[in-house]
Amino acid sequence: MVFLKLLENIQSKTAEILDAKNCEPVKFSVESAKPGFGDITCNVPFLLSKQLKKSPQEISRELSTMYNFDDMPEIKNVESHPSGYLNFSIDYTKFNNLVISLSLEENYGALEFGNNEKIVVEHTSVNPNKALHVGHIRNIILGDVVSKILKKANYDVKILNYVDDSGLQVADIIVGFTELGFSQESPDNEKFDHYCGDTVYVKTTEKYESDKELEGKRHEILKQIEDNSSEVSKIAQTITRKVLNEQLKTVWNLGVFYDCLNFESQIIHSKLWETIFEKLKSDNQIKYEDEGDNAGCWVIPADGEDDKILVRSNGVATYIAKDIPYAAWKLGLVDDPFYYKIHSTQKNSQILYETTLDGDKKLNFSGSKVITVIDNRQIRLQKIVSGLMAKFKEEGAYTHLGYESVTLSADTVKSLGLSVDGESAQMSGRKGLYVNADTVLETLTKRVYDESKSRNENLSESELQNIANIVAVGTIRYEMIKPDLDKIITFDLKNSLRLEGDTCSYIQYSFARASRILEKTDVKPNFDSAFELLSSEYEKNLIKKIAMFDVHVNDSVNNLSPKVIAKYSYELAVTFSSFYEHVKVLASETTELLNARLCLVVSFQKTLKTSLGLLGIDAPERM
RNA sequence: GGGUUCGUAGCUCAGCAUGGAUAGAGCGAGUGCUUGCGGAGCAUUAGGCCGGGGGUUCGAAUCCCUUCGGACCCGCCA
-19 MVFLKLLENI
-9 QSKTAEILDA
1 KNCEPVKFSV
11 ESAKPGFGDI
21 TCNVPFLLSK
31 QLKKSPQEIS
41 RELSTMYNFD
51 DMPEIKNVES
61 HPSGYLNFSI
71 DYTKFNNLVI
81 SLSLEENYGA
91 LEFGNNEKIV
101 VEHTSVNPNK
111 ALHVGHIRNI
121 ILGDVVSKIL
131 KKANYDVKIL
141 NYVDDSGLQV
151 ADIIVGFTEL
161 GFSQESPDNE
171 KFDHYCGDTV
181 YVKTTEKYES
191 DKELEGKRHE
201 ILKQIEDNSS
211 EVSKIAQTIT
221 RKVLNEQLKT
231 VWNLGVFYDC
241 LNFESQIIHS
251 KLWETIFEKL
261 KSDNQIKYED
271 EGDNAGCWVI
281 PADGEDDKIL
291 VRSNGVATYI
301 AKDIPYAAWK
311 LGLVDDPFYY
321 KIHSTQKNSQ
331 ILYETTLDGD
341 KKLNFSGSKV
351 ITVIDNRQIR
361 LQKIVSGLMA
371 KFKEEGAYTH
381 LGYESVTLSA
391 DTVKSLGLSV
401 DGESAQMSGR
411 KGLYVNADTV
421 LETLTKRVYD
431 ESKSRNENLS
441 ESELQNIANI
451 VAVGTIRYEM
461 IKPDLDKIIT
471 FDLKNSLRLE
481 GDTCSYIQYS
491 FARASRILEK
501 TDVKPNFDSA
511 FELLSSEYEK
521 NLIKKIAMFD
531 VHVNDSVNNL
541 SPKVIAKYSY
551 ELAVTFSSFY
561 EHVKVLASET
571 TELLNARLCL
581 VVSFQKTLKT
591 SLGLLGIDAP
601 ERM
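Going by our numbering, the first residue of the first sequence is number -19, and it counts up by one from there.
All the given hints hold, so there is nothing to weed out.
Derived DSS-like pairs (lysine-lysine); straight-line CA-CA distance at most 30 Å: (1) Lys(-15) with Lys543; (2) Lys586 with Lys131; (3) Lys547 with Lys589; (4) Lys203 with Lys171; (5) Lys288 with Lys373; (6) Lys214 with Lys302; (7) Lys222 with Lys183; (8) Lys214 with Lys192; (9) Lys363 with Lys131; (10) Lys474 with Lys171; (11) Lys547 with Lys462; (12) Lys543 with Lys363; (13) Lys74 with Lys(-15); (14) Lys342 with Lys251.
If you're looking for bench data, these hints aren't it; they were derived computationally from the structure.
Modelling step: build the complete structure from the supplied sequences, incorporating the hints.
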């Protein structure tokens, strides 16, 4: 810990001073100051104004004389600002050494939050009947980054992907295969998931419009899918597995990996629902309606809102009845009915497990906390689920991490050959209104490849491919993480994939520039030296930014907010770019200064790499 | 009808959790910078009654109420 520690120390020092003055405790803040107001700032004089019946300025002046920094050599002094703030200044002659040496450590920025406690992150959870589209990418990347951040905060994270292999959406493509005679092999070299989504699903649901009888068939087919022994169920198994495998390829290309796949069909067959249903009944969490609209149904009472039907009057459970046992299973509230077997070895050579009902291997993928990443359209349902879970376990054990959806810009909709009313449109699988994830990645990779090739004539084909991949994946990830969770992303094939300004490639470019500096000198940075030579504004700004990594990690963990790390990475790159422009490292006047600056460059690179690593983004040496 | 949420520069967005000092970026527009480590860059100018109104407060982009505009959710579908 670097900056965070500094803030905490000033915080407690201030609290001690207030205590000595016999002040009533107040909740004050100690945080990094805006440029021009010292390095660290405290607002406590404002908050004491009423209590002490003095002006903030007066209190500020008084307090500023009471600090003693003998045990904090990194702080130079504190000044009372005419506005009333207490502004602390860092002594960079001491601070530089501390920051640079700590930033080289392997776990720089790591925090202790989780005590290695097990936490489950579930994300992706897409029906295996189509290819992943840009909307799914937001879910996948958010889930992936959240799990990386939690790992950084010392949680033992298990990542799950729920495979909804027995819903109506799956039934729809099976209708296409069994009733409309679509080939079970995709034509030419088309990816199987694209074929199922772009052709079979769209064409089949289209046919429903004119053929109502066919539409009726889907429920029949769904019933057969859920019956393990039926022929249709075997076909469905084969098809959904094939689609899933293609979806996984897409996901792996984005650098996302899981620990275990959970199949909905197995949850249904596991009788987990029956167990939890009895538990809900005996705990009086649900009630049976004798009269009214919901007569004959089991419902979940919801205060202020309509009761949610859990079991219909015909005895069949509703959709949410699949979510509840699964949530309970994730939290380890029920005996685990599953065995586990290896599904595959992922692209990063990590083993991926899957649930099975007939095996002998027992593993544990539950956690004392669960985070479920699902978009905000499901917020009502998720509230019911987390409300129920809070009754079995402590409040907050089950967290729904929601986010707004991704829509398509009018231009992009038109480029798909479709028409649109407003400025953007919700994606729709049925209408063929979506952009596949693979398409986005390919388009972007090609663009980066061309750009990189035009800048680097001497790079080999494989180096160019590698760079194109790293930058393309980074760009998609960055664009998905950067906006606030409750902001709709309007995806535009042109605008969303820019490479200039506040983009991933800008950040990566700063890394590549740093690499070139280190590459062009024979001097090996010697870290066993004093860094007080780094005294220009540009150097101090960079040091401070590097030091503040832990503050942002802290923030992002506390608020489950991935974008905080994206913003920090960008700011770090901006600070370096300014340094790069104004401080000519290789032209340093003395060897000592050259060495100190080279060390700073290494420190920057390490920190940026770690920060980008939390976002699942790599940084190339050249691009 | 009930509920959730968004509204900040021409456009896309930070800042809001925990109210304080000069509301920040990027794109787009203007200007300048490459005989110096890569111009995917740097520097600089213009551009804002933070949707409107009210309230709380010494102080509001930030908290509360209200209103307008947009998005989403509200089935014995999944």
